[in-house]
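There are 2 protein chains.
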Amino acid sequence: MEVRPPYLIFLGDAPDDLTAKTGHGIVNWRPQLALAQSRLPQCKADLGIPEMSPQEAASAGARTFVIGTVNFGGVIPPEWTGTIVSALEAGMDVASGLHTPLESIAPIAEAAERAGAKLLNVRHTNRVFKTGTGVKRSGKRLLTVGTDCSIGKMFTSLSIERDLRQLGVSADFRASGQTGILIAGRGVAVDAVVADFIAGAAEWLSPSADEDHWDVVEGQGSLFHPAFAGVSLGLLHGTQPDAIVVCHEPTRKTLLKTEIPMPSIEDVIEMTLRAGRVVNRDIRCVGVSLNTCQLSGTETTRLIDETSARLSLPVTDPAKFGVRTITERLLGG
Amino acid sequence: MEVRPPYLIFLGDAPDDLTAKTGHGIVNWRPQLALAQSRLPQCKADLGIPEMSPQEAASAGARTFVIGTVNFGGVIPPEWTGTIVSALEAGMDVASGLHTPLESIAPIAEAAERAGAKLLNVRHTNRVFKTGTGVKRSGKRLLTVGTDCSIGKMFTSLSIERDLRQLGVSADFRASGQTGILIAGRGVAVDAVVADFIAGAAEWLSPSADEDHWDVVEGQGSLFHPAFAGVSLGLLHGTQPDAIVVCHEPTRKTLLKTEIPMPSIEDVIEMTLRAGRVVNRDIRCVGVSLNTCQLSGTETTRLIDETSARLSLPVTDPAKFGVRTITERLLGG
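Chains A and B, in that order, give the protein sequences.
Counting the first sequence from 1 gives a position; our numbering is that position plus 6.
Counting the second sequence from 1 gives a position; our numbering is that position plus 6.
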């Protein structure tokens, strides 16, 4: 799945900036891809980049119209259709991370057909993968894993990629979910792959590389989540990581959309290392990433210090303090 | 996925009885479903049931023409097309566990269309599943798990179902793979489900039931196999088993199609119980099923005794000694 840059990022009628999180993610992590934004009149989100119509953006070189808004239920509302059709008529591809396939909306399918443009539903995949082999690949891999879903794995992975590059280390973020794919411009939504091929898709996602190159693979789900653990385990086996970083949200009490208590960070480390040894005997945990947005400054500092002392690992909140302690541990041996 | 009985079982040009293993499985485990067999002239396999042409079988009440042969690569050879078309013209559905979708062969697709008959590719699934919930269901469940793929999980599950029924216990085999589905006449090929829905499909497969009913769920893959562990874990979480039985082949040195050493039975018990506790705190191992077809009688007895003493569990080879020691442990508490 490849999304051609640069992008015109469409925010639709997003009522706030949180709803436009895909757009903000692109501007934050890949500003060079974000040529301009396009918004409907009632939109309250703003990416702080130039405003252009689809025609203006296409003339300025934009190649893909990216839907940068995540709305409830993942549907494409009828009010967006006119703008999406204009983008196709202006010659751009259209990329969406929403559940509704773009081609299921007749005017969009017809406009794409007329223009010979691509409709990219990054949440789905048509690619045929092989089953996993477990054969060791060259290069190095880090996988972010979580005590739960939606807990900061993408943000942590992008933070580590950025920090490694700042340290002069060859590193690539490898996207395994729809938002990550739109940010990186490529990747595979592993939860949309047929079950038999999860590990094979993960092997494809982080291929053989130079010995000193790090692929930073975005994790999915949690080995402890009753709905998504299969995806997490397939991704772990296919990635065959040398290093893992555990992501956690300290105020969450139960696993997403369940009444099952959260596992401890220790549980996740032990289970991940144990399962990961099947494909990489040298797998190790190099840090913990806490999402402390619900905590005060004092609470955050105390929790980080306590957790770090308890686990003898670097612990940080990437959004507040960066990830240098983790990358130093990673590169230090 | 429902396959309507009774069946005309088609063996094609199977060179031996091993190739006709699906047909033999149906006759062995569900003789009441097997009305007759149909074979091409060069066929060397024999199910020991009446021989009928598609027309004769349809007149005698057969409702589904089941392909009972597993051939290398899972393709449907051109020599089979004529007989399959005759079955459709005689008014039967056609069911196949092979990789090639039946409708990909034009004369078969056209004949099904003309006859208004169903083409059932049990290895694929069109059903839309929900994501797993982890919510506890009523009734009891046993899951067979393996140190590896293709190690006797289906055979063990069917043996346990049969033995429980002989003991007067309400029990149902729940098929999770294509051969099992053709034997049971229903089920879901969990490895063909989209990754996000593995656990949800497993929850659907063994629904709420009477408190004293046992669903015996056919396991898939192995938590230690680098290609298929995601399927195994999703199936474990969705099944939320009260009991597991570990299947093992003692002479196998490396995991199927890999160079990775086999895990020990202890490894599999520990990992399965640990992962299974997320959805069922009372999960326990009630026995070990060994496939000892490569061993002599003396070797088999010694290995069973040693393994049983080491693990303090009932250990048996279902094909040689049945599974009564396991069902007694299961029901004994």
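Hints are computed from structural coordinates only; laboratory data are not their basis.
Incorrect hints may have been included.
[What the hints assert, rightly or not] Coverage of chain B stretches by chain A, computed from C-beta distances (three or more under 8 Å per stretch; other residues unrestricted):
no., segment
1, 24–35
2, 71–77
3, 202–216
4, 235–242
5, 314–321
All C-beta atoms, glycine included, are put in the ideal place defined by N, C-alpha and C.
Legend entry - Earlier hints that do not hold, by number: 1, 2 and 5
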